[in-house]
Amino acid sequence: MLSWLLMVLGDEPISDETLFSRYQNGDARAMTTLYDRHARPLRAFAQQRGAARPDDIVQDAFLRVVRNGASFQGQAKFRTWLYTIARNLCVDASRRDRFRSGPSLDAPTGSEDNRTLGDRIANDSIGTDASRNLADRQFQSAFDAAMAQLPDEQREVFALRELSGLSFAEIAEATACNENTVKSRMRYALKQLREALSDFL
Amino acid sequence: MTRRQATENAAQERVDAAVVDAYERRVAGQAATAEDDALEAEIAAAELSAYVSLHQRVADLPQGDVALGVRSVVLTAAALGAQEHAARLHAQSPLVRALSWIMRPGPLLAAVTASAVLVAVSVRHEDAPIAGAHEDSAVAMAEPPTVQAAPEAAKPAAQAVAVEVPAPAAAAPAVGAAPAPEPPAAVAAPDLPVAAAPPSAPMARPMRTIEAQAASLGPSPADAPTGHAAQREELAKREVAADAEQKTSAAKAKAEVAAADESLQAATASNNRDNAMKKANVANLDQAKLDVANERAGYRATAGGAQAAPENAPAAPQVAAEPQQPKDNAETRNAGTRNQVAGKAAADAVERWRQSVEDAQTPEERVVALKQLVVAAQNAGDDKIAKAAQQALKAAQAQVVARKRAQSLQETPPSQRAKSAPSQGSGELKAQKAKE
Numbered sequence: 001m002l003s004w005l006l007m008v009l010g011d012e013p014i015s016d017e018t019l020f021s022r023y024q025n026g027d028a029r030a031m032t033t034l035y036d037r038h039a040r041p042l043r044a045f046a047q048q049r050g051a052a053r054p055d056d057i058v059q060d061a062f063l064r065v066v067r068n069g070a071s072f073q074g075q076a077k078f079r080t081w082l083y084t085i086a087r088n089l090c091v092d093a094s095r096r097d098r099f100r101s102g103p104s105l106d107a108p109t110g111s112e113d114n115r116t117l118g119d120r121i122a123n124d125s126i127g128t129d130a131s132r133n134l135a136d137r138q139f140q141s142a143f144d145a146a147m148a149q150l151p152d153e154q155r156e157v158f159a160l161r162e163l164s165g166l167s168f169a170e171i172a173e174a175t176a177c178n179e180n181t182v183k184s185r186m187r188y189a190l191k192q193l194r195e196a197l198s199d200f201l
Numbered sequence: 001m002t003r004r005q006a007t008e009n010a011a012q013e014r015v016d017a018a019v020v021d022a023y024e025r026r027v028a029g030q031a032a033t034a035e036d037d038a039l040e041a042e043i044a045a046a047e048l049s050a051y052v053s054l055h056q057r058v059a060d061l062p063q064g065d066v067a068l069g070v071r072s073v074v075l076t077a078a079a080l081g082a083q084e085h086a087a088r089l090h091a092q093s094p095l096v097r098a099l100s101w102i103m104r105p106g107p108l109l110a111a112v113t114a115s116a117v118l119v120a121v122s123v124r125h126e127d128a129p130i131a132g133a134h135e136d137s138a139v140a141m142a143e144p145p146t147v148q149a150a151p152e153a154a155k156p157a158a159q160a161v162a163v164e165v166p167a168p169a170a171a172a173p174a175v176g177a178a179p180a181p182e183p184p185a186a187v188a189a190p191d192l193p194v195a196a197a198p199p200s201a202p203m204a205r206p207m208r209t210i211e212a213q214a215a216s217l218g219p220s221p222a223d224a225p226t227g228h229a230a231q232r233e234e235l236a237k238r239e240v241a242a243d244a245e246q247k248t249s250a251a252k253a254k255a256e257v258a259a260a261d262e263s264l265q266a267a268t269a270s271n272n273r274d275n276a277m278k279k280a281n282v283a284n285l286d287q288a289k290l291d292v293a294n295e296r297a298g299y300r301a302t303a304g305g306a307q308a309a310p311e312n313a314p315a316a317p318q319v320a321a322e323p324q325q326p327k328d329n330a331e332t333r334n335a336g337t338r339n340q341v342a343g344k345a346a347a348d349a350v351e352r353w354r355q356s357v358e359d360a361q362t363p364e365e366r367v368v369a370l371k372q373l374v375v376a377a378q379n380a381g382d383d384k385i386a387k388a389a390q391q392a393l394k395a396a397q398a399q400v401v402a403r404k405r406a407q408s409l410q411e412t413p414p415s416q417r418a419k420s421a422p423s424q425g426s427g428e429l430k431a432q433k434a435k436e
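First to last, the sequence lines map onto chains A and B. Under the working numbering, the letters of the first sequence match residues 1 to 201, in that order. Under the working numbering, the letters of the second sequence match residues 1 to 436, in that order.
The set of hints was computed from the structure by calculation and includes no laboratory data. Heads up, some of the hints might be wrong.
[Unchecked claim] 20 Å max Cα-Cα, derived EDC-like pairs, lysine to aspartate or glutamate: (1) A:K191 with B:E358; (2) B:K404 with B:D348; (3) A:K77 with A:D60; (4) B:K394 with B:E365; (5) B:K384 with B:D348; (6) A:K191 with B:E365; (7) B:K279 with B:D261; (8) B:K278 with B:E262; (9) B:K394 with B:D348; (10) A:K191 with B:E13; (11) A:K191 with B:D383; (12) A:K191 with A:D144.
[Unchecked claim] Here are the simulated distance ranges between beta carbons: (13) A:R67 with B:G29: 54 to 64 Å; (14) B:A116 with A:S198: 23 to 33 Å; (15) A:A135 with B:G106: 25 to 35 Å; (16) B:T113 with A:S198: 48 to 58 Å; (17) A:P13 with B:A28: 11 to 21 Å.
Treat the numbers as computed from the prediction; the structure is a model and nothing was measured. All C-beta atoms, glycine included, are put in the ideal place defined by N, C-alpha and C.
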C-alpha cells in the first residue's frame, strides 16, 4: 500500500515490468495503470497497421496479457511483449478481413474530410467535434492516406516509433529484425511521408 | 541476393541508421555532433528539418480513444486474473515461492558472479605462496610500478632526496633521482622513460624501476628499507626455511633407508639360522641312519652267534634282528617311512621263514622255523599265515614230543617202563600206542 501511494504521489513513473509483477502478485490496480498507459498508443498502432477494428485488437491484446500473465517471466520488456501480441493479432485480423463483406466503422468513407464511418456515426449522434479544426482533420486525412501508401514493414516501424513510442531496439525485438534494418525502414518511411505531406510541413 | 548486394545493403543500412540517429537526436533536442554535421554535408540539411517537422505534426495528431466497453472488459478480466494469481500464490508453499524467486535471472546472475569472485579470490590466495618462491628477478617482474608497490618507502626516500640534493636534476637525469616539488612525482618520474620502452624488453621496466628506486633512497638506505629490501629479506628467509625443510626431509629419508637396511639384515640372519637348522637336521638324520645301521649290524652279529649251532638256519640272525628294526627307527624316522620299511621287512621275514620251514630236515628245525614264521606273520599282520603256521607248529611240537617219548622208551628197560607207566598221561599213552 505504501509503495502504491508513493507511486501515485511520486513524480517518477513505475516501470511496466514492476507494475506487471504487482499484478502477478494479485494487485488488479497495476493492470489498470498499464491499460491506461498503453491502450491508446496500442490502438493507434493497430489502426495504422491496417486493422479494421483497432479496439478489438486492443481488447484481445490485453485479454491475452491477463490470461497469460503467469507465463511472463520478465525476460523481455512488457511493452515489447504487448506489441508483439498486438502485431500478431493484426496479422490474423487482416487475414480474416479479406473475406469480410460488411463495411468497417474504422474504414475511410471516401468523403472530403476522410472521416471514418465510426466517426461519422458518432458525430451524427452526439454532435460536432469542436476540438478538431479543419486543418488538423485535413492533415489527418492526408497522413492516413500517406501511411496507407507505405509498405507494411515501413508503416509498421513508423507507427511503432512515432505513434506508440517504442525504441528501435524494442521494435527490432518485436518485429524480429536487425536494428539497422529497422532504422533503414524508418528512414524510407520518413522520406516518403515527407514527400507525400510536403504541403503540410 | 549475391554477397556484393548484401554488403551494399548492409552499408546502406548503416548510412540510414546514422541518418535516423541524427533525426532522433534532433527530435530529442540534443546538440548536433560532428557526425551529424558530416551527415548534413552528405544529405540536405532541409531533409532532417522536414523530418523533425513531420514528427511534430504527427505527435500533435490526437489519438483516438479506446471504447469504454473495451476498458471495462479488460479491467474485469484483470480483476479476476489478479484473484487467481493471488490464490495461486497462497496455494504455493513457501519453498516453491522461494525457489521461483531464486531461479529468476537476477538472483541467479548475482549468485554466479559472487561465486566466481570467491573462486578467483581463493585461487589467488593459494597461488600467493607459490609466486613468492620465485627468484628475485621474478619478484621484480611481478612488482607493480614504484608508487603503488612501496608507498611507505617512497615518501621518506623522496623527502631525503629533496633535503640532501637541492637541485641535481642536471647531474643525474637518467636514474630519476632528481628532486621534484612533490614526493610522489619524484618517485614516479623514472617511470616516464620506462613506459616508452619497447614491449620487446619486458625486464627493462621493473629492473630500471628498482634501480631508480634504489637511487632515490639517497645516501642512507639503512634508515628506510625499501620494499625490495624487505622482499629480499623475506625471500632469504623463505630460502633458509626451504633449505631446513629439505635437510629435514633428507634426514628422514636416511633414517628410513637405515631402518630398511636393518630389517633386511635381520631377515637375512633369520634365513641363515633356518638354513643352519636344516643342515643340522639333515646331519642328525644321517647320524641316526648310521646309528641304525650299526645297531642293525650288532644285532646281526649277536643273532649270528646265537644261531651258529643250527647250520640249516642261516637266516635266523636276520630274523632275530628284524623285530628290533621298528624300535630303532622310531626315534629318527617319521611314521610313514617307518611303517613302510617295517612292512617290507616283515614280508621279507615271512617269506624267508616259510622257505626255512620247507627246507627243514628235522622236526626240531621245523618247530624253530615255524615259531619264527608265526612271529614274522604276526608282525607282518598276515593272520592266515600266522594261524596256519601255529597249527603246523602244534603238530610239529607234538611230533617232537612223540619222537622224544619213543626214544626214551627205547632207552628205558621194560621193568622201569611199567613203573613209570601210571605216571604217564593218557594222551601220551594213546600216542605211544598209535605209534606202535
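Hints, one by one, checked against the model:
Between K191 of chain A and E358 of chain B the alpha-carbon distance is near 153 Å, which puts this suggested pair outside the 20 Å criterion. Distance hint between K404 of chain B and D348 of chain B is unfulfilled; the C-alpha atoms sit about 33 Å from each other, more than 20 Å. For a cut-off of 20 Å, the pair hint linking K77 of chain A to D60 of chain A stands: about 19 Å separates their Cα positions. At roughly 14 Å between alpha-carbon atoms, K394 of chain B and E365 of chain B fall within 20 Å of each other, so this suggested pair holds.
Taking the CA atoms of K384 of chain B and D348 of chain B, the gap is about 16 Å. The hint holds against a cut of 20 Å. At most 20 Å may separate the alpha-carbon atoms for a hinted pair to count; K191 of chain A and E365 of chain B exceed this at roughly 159 Å. Distance check on the hinted pair: K279 of chain B and D261 of chain B sit about 27 Å apart at the alpha-carbon level, beyond 20 Å; violated. Straight-line distance between C-alpha atoms of K278 of chain B and E262 of chain B comes to about 24 Å, which puts the hinted pair past the 20 Å bound.
Restraint check for K394 of chain B and D348 of chain B: the C-alpha separation of about 24 Å exceeds 20 Å, so the hint is violated. In summary, the hint linking K191 of chain A to E13 of chain B is supported, as the alpha carbons are separated by about 14 Å, within the 20 Å threshold. Restraint check for K191 of chain A and D383 of chain B: not satisfied, since their Cα atoms lie roughly 141 Å apart, outside the 20 Å limit. A threshold of 20 Å between alpha carbons decides the hint, and for K191 of chain A with D144 of chain A the separation of about 16 Å falls inside it, so the pair holds.
Range check, R67 of chain A to G29 of chain B: Cβ separation about 41 Å, and the 54 to 64 Å hint is violated. Evaluation of the 23 to 33 Å hint for A116 of chain B and S198 of chain A yields a failure: the beta carbon distance comes to about 58 Å. Remark: the range hint 25 to 35 Å for A135 of chain A to G106 of chain B is contradicted by a beta-carbon distance near 50 Å. About 55 Å separates the C-beta atoms of T113 of chain B and S198 of chain A, a value consistent with the hinted range of 48 to 58 Å.
Checked against the hint of 11 to 21 Å, the C-beta distance between P13 of chain A and A28 of chain B comes to roughly 18 Å, which is consistent with it.
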